[in-house]
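Just so you know, the sequence shown maps onto residues 2 to 534 in my numbering.
Only true hints are included.
Calculated lysine to aspartate or glutamate pairs in the DMTMM-like style (CA-CA distance at most 25 Å, straight line):
no.	residue 1	residue 2
1	35	55
2	445	427
3	439	427
4	268	301
5	502	455
6	298	273
7	268	302
8	311	296
9	223	269
10	121	154
11	268	293
12	35	149
Think of the hints as simulated: they come from the structure by calculation, not from any bench.
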Amino acid sequence: MPTKRDKESRRLLEAQVAIAETFAQSLDLEAAAKGALRAVCEALDCGAGAFWVEDAEGTLRCGATFHGSGGAAEALAREWQALSLAPGQGLPGRVRARGRPEWVADAEDDVPSPWSEAAKRVGVRTALAVPLGDARAPLGVLEFLHAEVQEADEELLASVAAIAAQLGAIAGAGPAGSSLHAAIIGAALDAVITIDGDGTIVELNHAAETMFGYEAALAVGKRVDELLIPASLRDAHRAGMEHFRLTGEGPILRTRFESMALRTSGKEFPVEITVTPVRVGGRTLFTAFLREISERKRQDEAVRRANAFKDELLGLISHELRSPLTAILGNVSLLNRLPAGTLPPEAATSLRDIGEYSERLRRVVANMLALARADSAAELDMEPVLLQHLVPTLATRFEAGPAGREVTIDIGPRFPPVLAEPTFVEQVLENLLSNAAKYSAPGKPVHIAARVRDAFAEVTVRDQGDGLRPGELERLFDPFFRAARTAQRSPGIGLGLTVCKRLVETLGGRIWAESPAEGGTLFGFSLRLAGDD
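Please put together the full structure from these sequences, using the hints given.
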């Protein structure tokens, strides 16, 4: 599964492509800066960005901003447009004066300045800024703003700085098409190859030389399909080029896709590619940004093998545990049917303990199996499920179990069916009922209700216990987390709610928890209604 860093890295690659396209059409620095602000803000999930330029008197002023919608975003834009910073003043002033990128983890701790005061007024906490172009004489400063505190990430800061350097290099290249394109590929973060409409290599940067093992002087003028594309993919490449010549369109253009590439040694390796057409000097060139993903593929395969082993191990463990557990619980049930007084008091107490602990172990095994199924199932066998039939059956079983807790139900007889995997729904409800029993005061019932909201059914399970302490709601679904009062009252490993979240999300719903004003705790989850598209 891609990490947050993987996603940021891919989005930054897309930002490079967007910058290249913008400058291929116009050499206007402010327009390109706005495009860069948008692209990087979206890549890093920043709330806003700003482009700072120096006026004739040497004062930094905000030349352009990018921000989301809403009053807070508009207030930020107004504050930044009104700011003027002396050399070295505030984050943008320092970056402009020193010519190097900087990350402010918390603006509230920054050196007092008009910038830091404005940041406090509009709720900016983390900010990073990078010089645009040559660090010795930058054309301006790009700044990106977050509303939450984020610790400095030097690798991420360097990536953003490289994009800003690329943008500055392109801007400084002037109007000459060849200089412009050389600036694009020379300053890029990743391997970049440019070909013409016939598939001939026009340029490639140093990163591409390193990746493929060819010097640019030897590669330029050669056909890309004969030099860098594996034999098995050459026909598809040629067909794609011909399709573009005939229609001016291409299904892979401006999209990110994975393919195989060919080194000078003849070895094939996986790459992630984004291709964009660029009009230069009256002709169409194709610029491909490439990133090798061999390591990511190896990691994916290692994760796949580890998951396969985990699933096999869980299956073996659950099989070896379920068989004896079934026998134990069956015998406990038989013994519990004996007439009162048949067993000595000590034996009756021991039998009750055996039943309780065996039932707890059964739930642990069931949760492990449910997680394994949710993680490994490519497609689930979804079917219509009638909650008005399923819930009473589970409630009866729960009331007769060790918890012995009364369950009240508010689900109408004509409640519409939901589309789900029945055993997943059973596991979620069983875990929530067990959890409610732990939270509730002795003798208090648990309440289950369901209602229709838009295209979903919302099911709630509510107890009448002490509720949750501040800070516990946010952590309830974390693996192995247990609320303090529950941990003292009842043993467990804190996996049940995590399993609920995983199963509900696998079914396409969501799960939540609330502390109602009238007390207790309410858990809710949603399931899509059957027949709804």
